[in-house]
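Chains X and Y supply the protein sequences, listed in that same order. Note that my numbering numbers the first sequence so that position 30 is 190, with each residue one more than the last. Note that my numbering numbers the second sequence so that position 62 is 63, with each residue one more than the last.
To be clear, the hints were calculated from the coordinates, so they are not data collected in a lab. Misleading hints may appear alongside valid ones.
To be verified - Calculated cross-link-like contacts (lysine-lysine; reagent style BS3-like; alpha-carbon spacing at most 27 angstroms):
1) Y:LYS45 <-> Y:LYS28
2) Y:LYS40 <-> X:LYS262
3) Y:LYS28 <-> Y:LYS4
4) Y:LYS40 <-> Y:LYS21
5) Y:LYS40 <-> Y:LYS14
6) Y:LYS64 <-> X:LYS224
7) X:LYS229 <-> Y:LYS4
8) X:LYS262 <-> Y:LYS14
9) Y:LYS4 <-> Y:LYS40
10) X:LYS262 <-> Y:LYS45
11) Y:LYS64 <-> Y:LYS14
12) X:LYS224 <-> Y:LYS19
13) Y:LYS14 <-> Y:LYS45
14) X:LYS274 <-> Y:LYS64
15) Y:LYS64 <-> Y:LYS45
16) Y:LYS21 <-> Y:LYS4
17) Y:LYS40 <-> Y:LYS19
18) Y:LYS64 <-> Y:LYS40
19) X:LYS262 <-> X:LYS229
20) X:LYS229 <-> X:LYS274
21) Y:LYS21 <-> Y:LYS45
22) X:LYS224 <-> X:LYS274
23) X:LYS229 <-> Y:LYS28
24) Y:LYS4 <-> Y:LYS64
Source: prediction; values computed, not measured.
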Amino acid sequence: TQTVSQSDAHVTVFEGDSVELRCNYSYGGSIYLSWYIQHHGRGLQFLLKYYSGNPVVQGVNGFKAEFSKSDSSFHLRKASVHWSDSAVYFCAVAGYGSSGNKLIFGIGTLLSVKP
Amino acid sequence: NSKVIQTPRYLVKGQGQKAKMRCIPEKGHPVVFWYQQNKNNEFKFLINFQNQEVLQQIDMTEKRFSAECPSNSPCSLEIQSSEAGDSALYLCASPDWGGAETLYFGSGTRLTVL
């Protein structure tokens, strides 16, 4: 069974704080991991992806994520958040080389950034 | 900004009514995906096309939905007889040219079935 778990439903931080949004997965075989952001009332925007190589991947707007096979994790981090980072963040997993209909999304983490 | 354009942004229908939404995929991209995102943030793959041909679709889509991607026209997804449980955000996406594991989504159509 392929699953994606985002353990934190809601994370609140202050502007300028660092943040980590957690993602754990269960998947057999070669995997493809990604993060998406969804601002209120909008569609999903792709942030970053990992499938091989350097386990730390850089995304847009200062976001990065680190893959850990031992922990089955792909946590998203940002060193200094801005109020505009307030959004829902979705972790997604797919078999590498699979079609987009095989994407499995987590239920999302709402990030609230206070001024 | 997303290169996938979806209209309308909001759609309100009564139960039993038809509900139709449109998608213009990224220019020149032959593949389109439709997803449904419910209020619990659960995503459900509905159907995908390559050019005008259906590649995959789920059972629900076969029975109550109709979808098409005609040549030189927007793609469309239509619910033949709306139900309350169809209230959701419908997302259209084009895959990355380098691999369909990455999807680029439109802003979605928010359907409310009263």
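Quiz item: Keeping to a limit of 27 angstroms between CA atoms, is the pair of LYS40 (chain Y) and LYS21 (chain Y) held or broken?
Solution: The hint holds at about 20 angstroms.
Quiz item: Within 27 angstroms, alpha carbon to alpha carbon, are LYS64 (chain Y) and LYS40 (chain Y)?
Solution: holds (23 angstroms)
Quiz item: Hey, LYS229 (chain X) versus LYS4 (chain Y), does the alpha-carbon distance stay inside 27 angstroms?
Solution: violated (34 angstroms)
Quiz item: Is the Cα-Cα distance between LYS64 (chain Y) and LYS14 (chain Y) 27 angstroms or less?
Solution: This hinted pair holds, its Cα atoms lying about 19 angstroms apart.
Quiz prompt | Proposed proximity, LYS64 (chain Y) with LYS274 (chain X) (alpha carbon, max 27 angstroms) | solution = violated (46 angstroms)
Self-check item: Pair hint LYS229 (chain X) and LYS274 (chain X), alpha-carbon separation not exceeding 27 angstroms
Solution: violated (33 angstroms)
Self-check item: Hinted pair LYS21 (chain Y) and LYS4 (chain Y), Cα distance within 27 angstroms
Solution: Answer holds: LYS21 (chain Y) to LYS4 (chain Y) is near 20 angstroms, not above 27 angstroms.
Quiz prompt | Given hint LYS14 (chain Y) paired with LYS262 (chain X) - CA-CA distance at most 27 angstroms | solution = Not OK: LYS262 (chain X) and LYS14 (chain Y) at ~30 angstroms, beyond 27 angstroms, violated.
Practice problem: Decide if the proposed pair is consistent with the structure: LYS21 (chain Y) and LYS45 (chain Y), CA atoms, cutoff 27 angstroms inclusive. | Solution: Status holds; Cα separation ~18 angstroms.
Quiz item: Between LYS40 (chain Y) and LYS14 (chain Y), is the straight-line Cα distance small enough, at 27 angstroms or below?
Solution: Satisfied, since the Cα-Cα distance of roughly 17 angstroms is no more than 27 angstroms.
Quiz item: When you check the alpha-carbon spacing of LYS40 (chain Y) and LYS262 (chain X), does it fall within 27 angstroms?
Solution: holds (21 angstroms)
Practice problem: For the pair we were handed, LYS64 (chain Y) and LYS45 (chain Y), check the Cα-Cα distance against 27 angstroms. | Solution: holds (16 angstroms)
The structure fails hints 6, 7, 8, 12, 14, 20, 23, 24 (numbered hints given earlier, in ascending order).
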